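When you get a sec, could you build the whole thing from the sequences and use the hints?
There are 2 protein chains.
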Amino acid sequence: MIVPMAKIPFKEQMRRVREDAIVASVNRLLAEKGFDAMTVDEVAADVGIAKASLYKHFESKEELAAAAMVRVLEQALEFMAALEAGPVEGPLARLKAVTRWTMQVQLAGEMPSLPAQNSALRNALAAHRVYLDRLMEVSEKLGAWIDAAQKTGQLNAALPPELVLYTLFARACDPVLGVLNATGQYSDKQIIELLLITCFKGLGER
Amino acid sequence: MIVPMAKIPFKEQMRRVREDAIVASVNRLLAEKGFDAMTVDEVAADVGIAKASLYKHFESKEELAAAAMVRVLEQALEFMAALEAGPVEGPLARLKAVTRWTMQVQLAGEMPSLPAQNSALRNALAAHRVYLDRLMEVSEKLGAWIDAAQKTGQLNAALPPELVLYTLFARACDPVLGVLNATGQYSDKQIIELLLITCFKGLGER
DNA sequence: GTCTATAGCCAGATAGAC
DNA sequence: GTCTATCTGGCTATAGAC
Numbered sequence: 001m002i003v004p005m006a007k008i009p010f011k012e013q014m015r016r017v018r019e020d021a022i023v024a025s026v027n028r029l030l031a032e033k034g035f036d037a038m039t040v041d042e043v044a045a046d047v048g049i050a051k052a053s054l055y056k057h058f059e060s061k062e063e064l065a066a067a068a069m070v071r072v073l074e075q076a077l078e079f080m081a082a083l084e085a086g087p088v089e090g091p092l093a094r095l096k097a098v099t100r101w102t103m104q105v106q107l108a109g110e111m112p113s114l115p116a117q118n119s120a121l122r123n124a125l126a127a128h129r130v131y132l133d134r135l136m137e138v139s140e141k142l143g144a145w146i147d148a149a150q151k152t153g154q155l156n157a158a159l160p161p162e163l164v165l166y167t168l169f170a171r172a173c174d175p176v177l178g179v180l181n182a183t184g185q186y187s188d189k190q191i192i193e194l195l196l197i198t199c200f201k202g203l204g205e206r
Numbered sequence: 207m208i209v210p211m212a213k214i215p216f217k218e219q220m221r222r223v224r225e226d227a228i229v230a231s232v233n234r235l236l237a238e239k240g241f242d243a244m245t246v247d248e249v250a251a252d253v254g255i256a257k258a259s260l261y262k263h264f265e266s267k268e269e270l271a272a273a274a275m276v277r278v279l280e281q282a283l284e285f286m287a288a289l290e291a292g293p294v295e296g297p298l299a300r301l302k303a304v305t306r307w308t309m310q311v312q313l314a315g316e317m318p319s320l321p322a323q324n325s326a327l328r329n330a331l332a333a334h335r336v337y338l339d340r341l342m343e344v345s346e347k348l349g350a351w352i353d354a355a356q357k358t359g360q361l362n363a364a365l366p367p368e369l370v371l372y373t374l375f376a377r378a379c380d381p382v383l384g385v386l387n388a389t390g391q392y393s394d395k396q397i398i399e400l401l402l403i404t405c406f407k408g409l410g411e412r
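Chains A and Z, in that order, are what the protein sequence lines are. Residue numbering for the first sequence follows my numbering, starting at 1 and increasing by one per position. Residue numbering for the second sequence follows my numbering, starting at 207 and increasing by one per position.
Hints listed in this document are in silico derivations from the structure and should not be mistaken for laboratory results. Note that the structure is predicted; figures quoted are calculated from it, not measured. Misleading hints may appear alongside valid ones.
To be verified - Below, computed lysine-lysine pairings styled on BS3-like, alpha-carbon distance capped at 27 Å:
(1) A:Lys-33 to A:Lys-56
(2) A:Lys-33 to Z:Lys-239
(3) Z:Lys-302 to A:Lys-96
(4) Z:Lys-302 to A:Lys-201
(5) A:Lys-56 to A:Lys-11
(6) Z:Lys-407 to A:Lys-189
(7) Z:Lys-239 to A:Lys-61
(8) A:Lys-189 to Z:Lys-357
(9) A:Lys-151 to Z:Lys-407
(10) A:Lys-201 to Z:Lys-395
The structure is reproduced here in structure tokens:
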């Protein structure tokens with residue numbers, strides 16, 4: 001269904017472009033250095049505007065990080081929607097495709113990493129409606145695929161579905177990928193295939 | 207072989223006890239909050255001495271973290287030596303036993319977590335002789351077990367041994383454990399057995 | 001809304017008396 | 001070696017001119 005576009009004022013368009021540029025910078029810096037090591041000054045310098053201008057768009061450093069997280073979650077939703085519309089059939093194949101996608105994002109240096117324990121940030125995220133909403137959407141879609149894959153016996157049905165979900169999220173920012181990449185011994189493709197094996201088949205021999 | 211103990215001066219003994227207490231506190235705080243969120247003031251308060259006194263023992267916050275890492279690596283070496291002397295036979299069984307041990311340490315809130323990206327800390331560790339030495343010892347012992355397990359077909363021989371090694375290190379501080387524990391739905395024993403499955407058998411069905 | 005300049009704070013590290 | 005008190009730098013956030 002095609003929805004007629006509402007006319008968007010010019011100023012509003014400018015604002016969006018600016019904010020997109022900001023969030024893209026934040027995303028890259030978060031991926032590179034992590035939340036704590038990233039400074040708002042760096043973000044401003046990277047975008048090419050003054051720090052005070054940043055604060056006209058986002059009211060805190062935490063808001064910046066949340067915006068970056070929302071962005072990557074929406075990209076994930078977009079990818080997952082494309083998967084459902086496309087030729088990739090079966091829940092397991094789709095779960096693997098998403099996992100592969102998260103690894104590609106990591107390799108591209110575009111997976112924001114939020115230290116799991118930072119309390120100021122966690123509190124901000126736990127109160128951030130949009131972030132929670134997107135996170136829920138992704139979780140529900142993945143959850144449906146996990147359910148289906150367990151019912152058809154493609155995934156180990158003895159594992160609690162939440163465990164599978166948490167594991168997939170964890171693999172999306174698994175440090176092993178970075179370490180493996182740093183050795184310089186493997187191509188991106190090899191790294192992804194190796195990590196897919198350890199994730200879905202484990203380290204053991206069958 | 208029993209080595210005759212050199213006589214240790216009383217003052218030296220006092221110093222060691224103090225430093226052990228300091229490192230134990232650091233270890234716990236690192237596990238609880240991570241390196242960035244941990245403050246030297248907190249450490250001093252937790253130990254019950256003044257901050258300036260801390261700096262008579264360790265010359266920087268990074269040195270504190272390094273000492274905690276050395277401590278846990280030495281505990282690992284001790285555990286691994288006991289494994290080799292004990293009833294646990296076979297390289298795979300030993301690898302699983304070590305993995306189980308690291309998860310118990312995590313559950314006990316005693317696995318120091320060093321954000322993978324902090325550059326000041328990483329530089330300090332990369333130049334820390336004792337830390338690197340212990341890390342190498344652990345890696346070599348694990349590497350030998352991995353080799354053996356791959357030769358006997360207990361571990362997937364198609365995986366590069368380094369990948370297996372990095373994966374085991376990563377699982378020693380896997381956030382999935384904490385998340386699973388936070389749900390309150392599983393006992394420690396269940397959590398450990400579930401994570402051992404995902405690590406060695408993967409998410410898929412065989 | 002953009003900028004320069006600065007406030008305010010916090011944490012790592014140190015001075016200096018005992 | 002331990003303490004109290006302080007220095008110092010860097011970071012988030014804001015004031016105020018334009």
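How the hints compare with the structure:
1. A:Lys-33 to A:Lys-56: The given pair, whose Cα atoms are some 24 Å apart, holds under the 27 Å limit.
2. A:Lys-33 to Z:Lys-239: holds (18 Å)
3. Z:Lys-302 to A:Lys-96: With Cα atoms ~26 Å apart, Lys-302 (chain Z) and Lys-96 (chain A) stay inside 27 Å; holds.
4. Z:Lys-302 to A:Lys-201: With Cα atoms ~16 Å apart, Lys-302 (chain Z) and Lys-201 (chain A) stay inside 27 Å; holds.
5. A:Lys-56 to A:Lys-11: With a Cα-Cα distance of about 15 Å, the restraint between Lys-56 (chain A) and Lys-11 (chain A) holds, given a limit of 27 Å.
6. Z:Lys-407 to A:Lys-189: With Cα atoms ~22 Å apart, Lys-407 (chain Z) and Lys-189 (chain A) stay inside 27 Å; holds.
7. Z:Lys-239 to A:Lys-61: holds (20 Å)
8. A:Lys-189 to Z:Lys-357: Roughly 26 Å between the alpha carbons, so the hint for Lys-189 (chain A) and Lys-357 (chain Z) holds.
9. A:Lys-151 to Z:Lys-407: holds (18 Å)
10. A:Lys-201 to Z:Lys-395: Roughly 22 Å between the alpha carbons, so the hint for Lys-201 (chain A) and Lys-395 (chain Z) holds.
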